[in-house]
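Under our numbering, residues 1 to 149 are what the sequence shown spells out, in order.
Hints are supplied without guarantee of correctness; some may be wrong.
To be verified - Below 30 Å or equal to it, Euclidean Cα-Cα: the simulated DSS-like pairs (lysine-lysine) are:
#: 1; residue 1: Lys75; residue 2: Lys19
#: 2; residue 1: Lys35; residue 2: Lys19
#: 3; residue 1: Lys28; residue 2: Lys60
#: 4; residue 1: Lys75; residue 2: Lys126
#: 5; residue 1: Lys126; residue 2: Lys60
#: 6; residue 1: Lys106; residue 2: Lys35
#: 7; residue 1: Lys28; residue 2: Lys106
#: 8; residue 1: Lys106; residue 2: Lys75
#: 9; residue 1: Lys139; residue 2: Lys126
#: 10; residue 1: Lys60; residue 2: Lys106
#: 11; residue 1: Lys35; residue 2: Lys75
#: 12; residue 1: Lys35; residue 2: Lys60
#: 13; residue 1: Lys106; residue 2: Lys139
#: 14; residue 1: Lys60; residue 2: Lys75
#: 15; residue 1: Lys19; residue 2: Lys106
Unchecked claim - Derived DEER-like restraints, expressed as beta-carbon distance ranges:
#: 16; residue 1: Asn134; residue 2: Leu31; range: 31 to 41 Å
#: 17; residue 1: Leu6; residue 2: Trp131; range: 42 to 52 Å
#: 18; residue 1: Ser66; residue 2: Met45; range: 23 to 33 Å
#: 19; residue 1: Lys35; residue 2: Glu71; range: 10 to 20 Å
#: 20; residue 1: Tyr130; residue 2: Val16; range: 35 to 45 Å
#: 21; residue 1: Met45; residue 2: Val103; range: 19 to 29 Å
#: 22; residue 1: Glu26; residue 2: Leu6; range: 15 to 25 Å
#: 23; residue 1: Gly105; residue 2: Gly39; range: 16 to 26 Å
#: 24; residue 1: Gly39; residue 2: Ser14; range: 27 to 37 Å
#: 25; residue 1: Tyr130; residue 2: Arg68; range: 17 to 27 Å
Worth flagging that the hints you see were computed from the coordinates, not collected in a lab. As the structure is a computational prediction, the values presented were derived from the model and not from experiment. Built from N, CA and C at the ideal position, the CB exists for glycine as well.
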Amino acid sequence: KNPRPLSTNESERSEVSEKVLSVFEEIKDMLLLDKDSFGGYIISMTHGVSDMLEVMILAKEIGLWSYREGEVQTKLDIVPLFETIEDLEASSSLMAQMFDDEVFGKQVAARGNFQEIMLGYSDSNKDGGYWMANWALDKAQFDLGSVCR
1 KNPRPLSTNE SERSEVSEKV LSVFEEIKDM LLLDKDSFGG YIISMTHGVS DMLEVMILAK
61 EIGLWSYREG EVQTKLDIVP LFETIEDLEA SSSLMAQMFD DEVFGKQVAA RGNFQEIMLG
121 YSDSNKDGGY WMANWALDKA QFDLGSVCR
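Make a model of the complete structure from these sequences and hints.
Written out as structure tokens, the structure is:
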């Protein structure tokens, strides 16, 4: 049971809220059946820190994520997907901010110090063209590698 729910009355939730939370309910049910039944929760078009923190709040709402006595307990991997040239260029800075965040650091620790990060080619190619996309992807991989070490 969530000690601090987003809403004290489930009937107050909008239809959109119910749909979003039902996705997290399904993920929770899958992970209860088999811890390997669900991969990471991919956040398409990750633009900022809040995109990842929002997933933690939604997962907390249905009991898939908790923070008790200074420790995170979860079976959910949160996977940012950086897709545009701008997001690829900002990805290492954003992940450094996330790793420096006490709660997110504990999220990573709860998942065995594993953090998956995805880089998108299709949107960056449309956004900046073939050469710029490849340059941005290569640079993002190098910079993210440095941040993750």
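query = Is 19 to 29 Å right for how far apart the beta carbons of Met45 and Val103 are?
reply = 23 Å, holds
query = Does the Cβ-Cβ separation between Asn134 and Leu31 fall within 31 to 41 Å?
reply = Cβ of Asn134 to Cβ of Leu31: about 36 Å, so the range 31 to 41 Å holds.
ask   = Do the beta carbons of Tyr130 and Arg68 sit within 17 to 27 Å of each other?
value = 48 Å, violated
key: Distance restraint evaluation - Lys35, Glu71, Cβ atoms, bounds 10 to 20 Å   = 18 Å, holds
request  = Look at the Cβ atoms of Glu26 and Leu6 and judge whether their distance stays inside 15 to 25 Å.
outcome  = 18 Å, holds
inquiry  = Holds or violated: Lys106 and Lys35, Cα atoms, limit 30 Å.
reply    = The hint holds at about 19 Å.
Distance restraint hint 23 to 33 Å, applied to the beta-carbon atoms of Ser66 and Met45 = 27 Å, holds
task = Assess, step by step, whether the Cα of Lys28 is no farther than 30 Å from the Cα of Lys60, and give holds or violated.
result = 11 Å, holds
ask   = Under the criterion that the straight-line Cα-Cα distance not exceed 30 Å, is the pair Lys35, Lys60 satisfied?
value = 17 Å, holds
key: Agreement of Lys35 and Lys19 with the hint, judged by alpha carbon distance not exceeding 30 Å   = 23 Å, holds
inquiry  = For a C-alpha distance cap of 30 Å, please report whether Lys126 and Lys60 respect it.
reply    = Since the Cα atoms of Lys126 and Lys60 sit roughly 36 Å apart, the hinted pair is violated (cutoff 30 Å).
message = Next pair to validate is Lys75 with Lys126; report whether the Cα-Cα distance is within 30 Å.
response = Roughly 35 Å separates the two Cα atoms, so the pair is violated.
Of the hints listed earlier, those the structure fails to meet are numbers 4, 5 and 25, in rising order.
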